[in-house]
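*Asks:* The residues making up each chain are set out below.
2 protein chains.
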Amino acid sequence: MKLATLNDGTRDGKLVVVSKDLTRYCAASNIAPTLQAALDNWTDVSPLLEALAIDVEHEAVPCDRFHEREAHSPLPRAYQWADGSAYINHVELVRKARDAEVPESFYHDPLMYQGGSDSFLAPRQDIPLGDVAWGCDMEGEIACITDDVPMGVSKEDAADHIKLVMLVNDVSLRGLIPGELAKGFGFFQSKPASAFSPVCVTPDELGDAWKGSVIHLPLMVDYNGEPFGRANAGVDATFSLADLVAHAAKTRNLGAGTIIGSGTVSNQGPGGDPGKPVSEGGLGYSCIAEIRMIETIYDGAPKTPFMKPGDTVRIEMRDEHNHSIFGAIEQHVVEA
Amino acid sequence: MKLATLNDGTRDGKLVVVSKDLTRYCAASNIAPTLQAALDNWTDVSPLLEALAIDVEHEAVPCDRFHEREAHSPLPRAYQWADGSAYINHVELVRKARDAEVPESFYHDPLMYQGGSDSFLAPRQDIPLGDVAWGCDMEGEIACITDDVPMGVSKEDAADHIKLVMLVNDVSLRGLIPGELAKGFGFFQSKPASAFSPVCVTPDELGDAWKGSVIHLPLMVDYNGEPFGRANAGVDATFSLADLVAHAAKTRNLGAGTIIGSGTVSNQGPGGDPGKPVSEGGLGYSCIAEIRMIETIYDGAPKTPFMKPGDTVRIEMRDEHNHSIFGAIEQHVVEA
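Respectively, the protein sequence lines represent chains A and B. Just so you know, we're using full-length UniProt numbering here: the first sequence kicks off at 1 and counts up by one. Just so you know, we're using full-length UniProt numbering here: the second sequence kicks off at 1 and counts up by one.
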């Protein structure tokens with residue numbers, strides 16, 4: 001099934017069930033007022049939502065027109081957002097440009113940071129930028145939402161705790177990252193509010209494209225109206241979402257509604273090289289930092305600037321019939 | 001006023017107003033069911049809670065006996081928990097033991113990490129430890145809860161967004177920290193669930209002890225029944241809680257119910273030295289890592305082991321009349 005949270009003026013919005021083709025919705029208010037409320041009691045609530053989803057599909061219940069622009073992020077605020085780095089090509093690229101080695105441990109021990117989850121941007125909400133020098137970048141990623149996960153869960157069992165899947169634009173302020181990482185405590189100011197896709201879906205909606213807790217489809221990232229990234233989320237994924245959930249739960253329980261991200265989706269080129277921009281026939285990149293690395297590697301210096309007010313990023317994923325699965329994140333950068 | 005959240009079997013507990021002497025409470029259910037609900041609408045709700053607090057003080061409403069052991073952390077789960085390092089003596093000590101310099105920037109640019117906030121421990125809940133080799137430590141700290149804070153708030157204005165103050169035991173797994181920090185993304189597995197004091201209070205409850213968004217009282221940390229730390233939270237605070245709130249809000253809004261921590265409370269010795277253990281007449285330390293540093297500095301090697309199952313930590317703060325302000329955090333370590 002497909003779920004969304006409509007902006008009804010409240011902090012947590014209104015939970016709705018959306019048709020598979022994203023054209024109509026029915027409010028789930030009589031089942032659970034919000035997505036967090038549904039996740040808090042998922043075992044009891046999800047069969048009722050699934051039944052409503054069937055009715056929505058058959059138009060057996062009154063539905064309204066679904067507009068992606070009216071959607072919040074599925075969880076407008078969450079109790080946990082932790083982001084991994086499943087696509088080591090991204091890490092390799094970022095480090096190659098500054099002549100840093102990728103430690104061997106990165107291939108079996110995932111990188112993960114704790115992100116801010118107190119107020120996400122809506123999928124069509126502007127990205128407020130305080131200073132162009134902060135180096136605003138998009139990061140196109142996959143994310144999942146879990147139910148309650150017990151401390152020490154195995155990778156195998158972790159897969160069963162993935163209840164919903166969605167896309168995310170993990171906004172990053174590249175200009176603030178080096179200084180912040182040098183302090184040793186990880187990202188904070190350099191990771192402002194992220195935005196998630198208008199719709200989240202249960203893994204079964206992905207059909208054969210969902211294998212081993214990885215989505216095997218291209219992530220479509222457009223920048224200022226041009227194709228920018230078409231990396232396949234099923235390729236070069238060193239870690240699955242289940243691996244990342246298990247990593248997060250090593251020393252503590254994870255509360256229902258925990259969001260775990262894949263990190264920037266990134267594919268190697270056909271020869272194991274860092275790949276090419278879409279404009280040169282490659283699969284491109286899901287963030288500006290990567291294309292700047294490519295430019296640095298090949299031309300000695302980055303050419304593509306980071307985002308400034310007026311720039312637009314669009315992130316979407318389509319199924320084998322070219323239908324949008326999650327709706328599109330589409331955000332303009334604006335002066336804060 | 002003093003507020004607490006009683007464990008009523010729900011995830012978010014039940015908001016109650018507690019008498020100043022911590023002996024009785026009255027449920028605030030008809031005003032706001034949970035503390036988060038109160039914070040979501042603080043301007044309207046807090047005057048009603050203040051009025052109830054006066055009635056509780058005068059026994060003008062039916063009250064029940066308040067037992068600290070029945071309390072959750074004031075926010076059993078939160079949308080944000082970010083912890084700073086206001087007490088640079090702690091940072092200096094930790095670095096001195098490994099011959100690392102404290103960068104000059106640390107004295108004007110606070111360290112801060114994003115913590116997990118999806119499920120806190122209750123103030124009397126056991127600390128589950130998966131492996132003694134993880135090096136379990138307590139960290140006694142002050143924390144505040146904010147309402148909605150706008151991006152870019154000044155330090156001056158930030159002070160007005162501090163609505164509630166409490167204590168925290170920021171549980172740390174020292175054995176996992178070096179490896180995790182070396183990866184560059186900050187703490188994750190090394191910071192399992194924290195616990196907060198049974199009661200949180202509005203800053204006015206602190207009277208003259210609340211000056212410049214700092215509490216000027218000793219933090220009493222007992223370890224296995226013996227005094228372990230008596231550092232004054234008003235001494236050697238390089239940053240106030242307002243400074244830390246402003247730091248957190250530099251690039252993004254902070255949602256209502258954001259918790260910001262002070263970092264481990266730590267005082268220098270009388271001559272600017274690292275101080276002495278309580279057993280030797282000093283003010284001691286609010287975490288085991290610091291006493292291990294002292295042992296390393298003076299004796300070449302740490303002597304005090306980290307916590308193991310059976311060990312107990314108690315964290316409390318008393319006013320000038322020796323009355324407990326927030327109730328006590330008291331936790332046993334148990335095998336997970």
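Hints may be right or wrong, so weigh each one.
If chains are identical, the list can't say which one is meant, so a pair holds when it fits in one copy or spans any two.
Said to hold, decoys possible - Simulated pairs of lysine to aspartate or glutamate, EDC-like, Cα-Cα distance not exceeding 16 Å:
| id | residue 1 | residue 2 |
| --- | --- | --- |
| 1 | K211 | E68 |
| 2 | K14 | D44 |
| 3 | K183 | E101 |
| 4 | K14 | E280 |
| 5 | K14 | E180 |
| 6 | K20 | D55 |
These are calculated hints, taken from the structure and not from any lab test.
*Asks:* Within a copy, between copies, both or neither: where do K14 and D44 come within 16 Å Cα-Cα?
*Replies:* Neither: 19 Å inside a copy, 23 Å across copies.
*Asks:* Given identical chains, is K14 near E280, meaning Cα to Cα at most 16 Å, within a copy, between copies, both, or neither?
*Replies:* Answer is neither; intra-copy 43 Å and inter-copy 59 Å both fail.
*Asks:* At most 16 Å between CA atoms: does that hold for K211 and E68 within a copy, between copies, both, or neither?
*Replies:* neither (27 Å within a copy, 48 Å between copies)
*Asks:* At most 16 Å between alpha carbons: which applies to K183 and E101, within, between, both or neither?
*Replies:* Close across copies (12 Å), not inside one copy (20 Å); limit 16 Å.
*Asks:* State whether the alpha carbon distance between K20 and D55 is at most 16 Å within one copy, between copies, both, or neither.
*Replies:* Cα proximity of K20 and D55: one copy only (12 Å, versus 54 Å across).
*Asks:* Given a CA cutoff of 16 Å, do K14 and E180 count as a within-copy pair, a between-copy pair, both, or neither?
*Replies:* neither (37 Å within a copy, 38 Å between copies)
The structure fails hints 1, 2, 4 and 5 (numbered hints given earlier, in ascending order).
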